[in-house]
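Chain U: place on chain P using the hints.
Line order of the protein sequences matches chains P and U. Take the position in the first sequence, starting the count at 1, then add 1; the result is the number in this note's numbering. Take the position in the second sequence, starting the count at 1, then add 8; the result is the number in this note's numbering.
Read the hints as simulated data drawn from the structure, not as lab findings.
If you want a taste of the chain U side facing chain P, the calculated C-beta under 7 Å gives, among others: (1) A116; (2) L131; (3) F164; (4) L169; (5) D202.
Heads up, simulated DMTMM-like pairs for lysine to aspartate or glutamate below, C-alpha to C-alpha not over 25 Å straight-line: (6) P:K262 to U:E176; (7) U:K561 to U:E444; (8) U:K65 to P:D9; (9) U:K561 to U:D517; (10) U:K479 to U:D517; (11) P:K262 to P:E213.
No residue lacks a Cβ here, since even glycine has one placed at the ideal position from N, Cα and C.
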Amino acid sequence: MINSQMDDNLMMLNLSQVIRQGTDGIVLMSPKPSSGWIIMSSALSSNIPIISLDEMITDSSGRQLVPYIGIDHDLAGRLAGGWAAGQMRKALWFDTEPGACKVAVLLYDDLAGMRRRTRSFTAELLESTPELTRDDCIMVDCARGSAVSGLLAMQQLISEYPGVHRWFVFGATAQSVIGAVKALEQVDLAASALACGIDGGAGFLEFDRGAESPYQAMIHVDTYEQGYRAAQTLFDYARHQAIIPAARYLPTELITREQWKVRGGLR
Amino acid sequence: MNRKDLPIQRRLTLSYMGLIILIVALVCCALMAVFFSHIYENSTEELALRLESLSGKIVSQLEQVVHIADQLSTDPVVQQAMSSSSGSDLPRYLQQQYLQQQFTPLIAKLLLISSSLEIFDPLNSRGLYRDAILLDRTFTDFLSSHAQVALSPPGFFPIELSGHTQQEALTIVCYQRLFDERAILTGYLLAVLDKSFLFSTVWEQMVGTDFTGVEVFDHQGTCIHAAGRGFTPEEIGLDLAEGQRKRTYRYTVARDQFQVFIQPVAGFNWTIAAVVPYSTLFHRLIMAVLLILGIGACAVALSFALSAVIAKRITHPLIEVTDAMHRYDREQKLEQIEVAATGELAYLVTVYNRMVRSINSSMQAVYEEQEKRHQAQLLSLQYEMDFLQAQINPHFIHNTLNAVGYQALKHGDDELYQSLKAFNTLLRASISGTREMICLNEELQLVSSFAQIQRLRYGQSFTITYAIDEKYLQFEVPKLILQPVVENAICYGETTDRLTEIIISAASDSGIFSICVTDNGPGMDRTYLSSRHIPDRRKFNRVGLINIDERLKMLFGSSFGIEIVSTRGEGTQIMISMPEDVG
Numbered sequence: 002m003i004n005s006q007m008d009d010n011l012m013m014l015n016l017s018q019v020i021r022q023g024t025d026g027i028v029l030m031s032p033k034p035s036s037g038w039i040i041m042s043s044a045l046s047s048n049i050p051i052i053s054l055d056e057m058i059t060d061s062s063g064r065q066l067v068p069y070i071g072i073d074h075d076l077a078g079r080l081a082g083g084w085a086a087g088q089m090r091k092a093l094w095f096d097t098e099p100g101a102c103k104v105a106v107l108l109y110d111d112l113a114g115m116r117r118r119t120r121s122f123t124a125e126l127l128e129s130t131p132e133l134t135r136d137d138c139i140m141v142d143c144a145r146g147s148a149v150s151g152l153l154a155m156q157q158l159i160s161e162y163p164g165v166h167r168w169f170v171f172g173a174t175a176q177s178v179i180g181a182v183k184a185l186e187q188v189d190l191a192a193s194a195l196a197c198g199i200d201g202g203a204g205f206l207e208f209d210r211g212a213e214s215p216y217q218a219m220i221h222v223d224t225y226e227q228g229y230r231a232a233q234t235l236f237d238y239a240r241h242q243a244i245i246p247a248a249r250y251l252p253t254e255l256i257t258r259e260q261w262k263v264r265g266g267l268r
Numbered sequence: 009m010n011r012k013d014l015p016i017q018r019r020l021t022l023s024y025m026g027l028i029i030l031i032v033a034l035v036c037c038a039l040m041a042v043f044f045s046h047i048y049e050n051s052t053e054e055l056a057l058r059l060e061s062l063s064g065k066i067v068s069q070l071e072q073v074v075h076i077a078d079q080l081s082t083d084p085v086v087q088q089a090m091s092s093s094s095g096s097d098l099p100r101y102l103q104q105q106y107l108q109q110q111f112t113p114l115i116a117k118l119l120l121i122s123s124s125l126e127i128f129d130p131l132n133s134r135g136l137y138r139d140a141i142l143l144d145r146t147f148t149d150f151l152s153s154h155a156q157v158a159l160s161p162p163g164f165f166p167i168e169l170s171g172h173t174q175q176e177a178l179t180i181v182c183y184q185r186l187f188d189e190r191a192i193l194t195g196y197l198l199a200v201l202d203k204s205f206l207f208s209t210v211w212e213q214m215v216g217t218d219f220t221g222v223e224v225f226d227h228q229g230t231c232i233h234a235a236g237r238g239f240t241p242e243e244i245g246l247d248l249a250e251g252q253r254k255r256t257y258r259y260t261v262a263r264d265q266f267q268v269f270i271q272p273v274a275g276f277n278w279t280i281a282a283v284v285p286y287s288t289l290f291h292r293l294i295m296a297v298l299l300i301l302g303i304g305a306c307a308v309a310l311s312f313a314l315s316a317v318i319a320k321r322i323t324h325p326l327i328e329v330t331d332a333m334h335r336y337d338r339e340q341k342l343e344q345i346e347v348a349a350t351g352e353l354a355y356l357v358t359v360y361n362r363m364v365r366s367i368n369s370s371m372q373a374v375y376e377e378q379e380k381r382h383q384a385q386l387l388s389l390q391y392e393m394d395f396l397q398a399q400i401n402p403h404f405i406h407n408t409l410n411a412v413g414y415q416a417l418k419h420g421d422d423e424l425y426q427s428l429k430a431f432n433t434l435l436r437a438s439i440s441g442t443r444e445m446i447c448l449n450e451e452l453q454l455v456s457s458f459a460q461i462q463r464l465r466y467g468q469s470f471t472i473t474y475a476i477d478e479k480y481l482q483f484e485v486p487k488l489i490l491q492p493v494v495e496n497a498i499c500y501g502e503t504t505d506r507l508t509e510i511i512i513s514a515a516s517d518s519g520i521f522s523i524c525v526t527d528n529g530p531g532m533d534r535t536y537l538s539s540r541h542i543p544d545r546r547k548f549n550r551v552g553l554i555n556i557d558e559r560l561k562m563l564f565g566s567s568f569g570i571e572i573v574s575t576r577g578e579g580t581q582i583m584i585s586m587p588e589d590v591g
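One chain only, chain P, in its complex shape (with noise of 0.2 Å):
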C-alpha cells in the first residue's frame, strides 16, 4: 500500500516503482483523470492489469481506459438532491424566511467523479425545488476535499452572505462537509443548517458526534466492499484468467442520522 498523497508526479512515480519490481495487480484508489493516459500505456506496456476505485479514468473524450470498481457518482448526487430537497422543503425553509437560506456546495472538481457528484446534486436539486434559483446554490472550491479546505471555503461564504441564516451544505467528499460544519458552528449557524455528504465512513464519526450536528445525512461509500472487490477481480484475473469487468458499480445508497442510530452502526 503506497500513499501518493493525491500528487500526480508522486503516484506515476511510485506507479513506475511497482510495475519495475513486476508486480501481479495495481489498484488505484481515486487517481486523477490527468493521469490516465500515462497508466493506460503504462498498462499495456507491462501487460499488468490495473483496477480503479473510485475514479473511472478516462481519456479526454470521456472513453473508459482503465476497468473501473466504486459507486455510480450521478445516482449518488442525485440520491443527495432529492433528499436536501426533501429535507429543505420539510424544514419549511422556502416558506418562513425566503431567500434566507442558501446552499453551499463544496467543489472538489480535480477528480471527474467528485465534479460528476456535485453537477448532479445541483441538477437534482434544482429539479425537485422550483423554489430555488441556479443563484441560490453557490459552488465554492474545496481544494482536495479535505475537512480544512471545507472550514476555510464555509467561513469564506459565511463571510461573503452575513444575511443567510439557513445553509444547505452538500460536498463531494463528507470530510469536507464535516470542515464547514465547523465554521458554521463557529459563528452558530449549525442549528438550523442541513448537510450532507458522500464518504466511505469519516462521516458516521459525526453522526455520533451528537444530535446538534447539522450532519444528517450521507451517501454511503462501502470502501471495504470496494477494496474487497477488487483484490477478489485481480485474484480472480490472476489464478483462473477471469475477464476484469470494464465496469462494477457498488450498491449507492443515502444513510441519514436516524437510520444510522437504528441501525446501530455499520452493517
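Frame of chain P; chain U shown alone:
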C-alpha cells in the same frame, strides 16, 4: 532397566545426548545472557529510530512552511503590498504563487498580517474573524515573545469552538515573523495547516511496530495529536519543563509497565512521546528466547541423530565382535568377522580375527592329534586282537619248540638247540605281555636272537656290530623296532662275494634319540629315501619298514619315523628317530 544393562550403542548415544544437551543448554544460557540486553537495546533502538523518523517527517513538513515564510520575506510584491498597506490582492496572489504553484496539501491558507497588525485578507480582516485572530492567545504570546516561529494548539482557525477534543480539531496555525533584507520586521505570516495531513504519517510509522500510543505535546503539555492509547505527560512521567531530550525509559502507569520513548520535534518546541507496554517488549524478548531455544532444540535433535549415527559407527565393530562371541556361546562356533573399522577398533577386530584363527588352528591341531591318537588306539586294538587271535598258536608253538629244543639238547645237537632257543626267545618277546616299550638292551637281545635264527639260513655271511654306548642301553624304544630293519639288512644286503657287515649304532642329539642300522650290501641308487619311497623289491621287507615308520609316527608324532639313505654298491643306512624321553 538399569543403565548398565543398555546396549553400548544406546549408552554411548545417551552419553553423547547428555553431553550435547548440557553444552546446548550452556550455550543457550550464554546466548540469552549475552543477547538479552542486546535484543532489548536493539528493540528500543529500533522503536526510537521509528519515532525519530516520524519526528523527521513532521519537521520536514513544517520546514516547508518556514521555507515559504522565507520566500515571502524576500517577495517584492508582498513587501510592497505590506509596506503600502494596499494588500487587497495579496490573498489571491498568495493563493496563486504559493499554494497552487507550490502545491502542498499541508498548507490550507496563508494569511499575512502587517507589523501594525493589519490583516491582508478580505474575510479575516473583518469583525468576528479579525478579533479571533488578533486576540488569539497563541498569537499574542507569539507577539510578546522573540520566537521566529510558533505553532498553535489544534483548533478551528480562526475561531475556537468550545469543548472540542484535539481529535476533532482541524487546523494548526504556524505563526512566523517576516523581515526585510535590512532585518526589519515587516509583518507576520499565519499558515493554516491541515492537522490531519500533518500527522498522517503517525499511523504509518506506528504500523508494524509495538507502539500502542503516540502523542505529540507542545511545550505546555497540551496534546497536539494523539494516536492509539491516550496518555498525559504526567501519566508517563514526562516533564516537559526539563527540556526536550531524546531518551527512553521505563515507567509504571497503574501497575502496568511501559517503555516510554521521547523524541523532540527539533526547532518547533514539540515533543513526541510514544509508549510500548513492557509486556509487549518482553514478548519480543520472549520470542527471541524461544527462537534461541528453538534453535537449541533443533541442534539437540540434530545432535541426537548424529550421535546415534556416530555411536552406531563407533560401536558397530564392538557389536559385531559381541555377536560373534554370542554365536560362539550358543553354537560353539568361532568365526572371523569382517567390519570396516579404524584405529583401536581396527586393531581389536584384527586381533580378534587373529585370535579366532589361532584358536581354530589350535583346535584343528588338537582334533587332528586326537584323531591320530584314536587311530593309534584303533591300530593298537587291532594288533591286540590280532595278537589274541594268534596268541593260541604262538603259545602252542612256544611249547612245541621247547619240547623240540629239549629233544635236540638230548641228542647233542647244540646248534639246533641254540637256534630253537633264540627263536623261542624272539617268539616270546613278540607274544609276551602288553608292554609296548622296552629297553634298548632288550631290543638288542631280540635282534641277537633274530640274527642267530637267520644264521640257520645265511650262516656266517653277515656280522652284526653293536656300536652303542652303554648310556643308551636303558633308553626305551618300541618293542621289535629293530628286527625288521636288521632283517632287511641281512636279507637285502646278502651278496655272494663278500661278508655283509651290519652295524647298529645309537646317538642322541637335541632330545632326539636315533638308532642307525648300516649295512654294506648292494644298496640302491644314490637316493634319499623316506619311508614313503621304500622300494618294493625282492627280499626287501617293505611292509615291515612302513609299519615301523607308522608306529613311530603314531607314538611320537609325524616328525619321527625312519629315514633310508642308500647308495648303489656302497650299502644302505636306515635311521630310526624318536624322542629321547618317551616316558
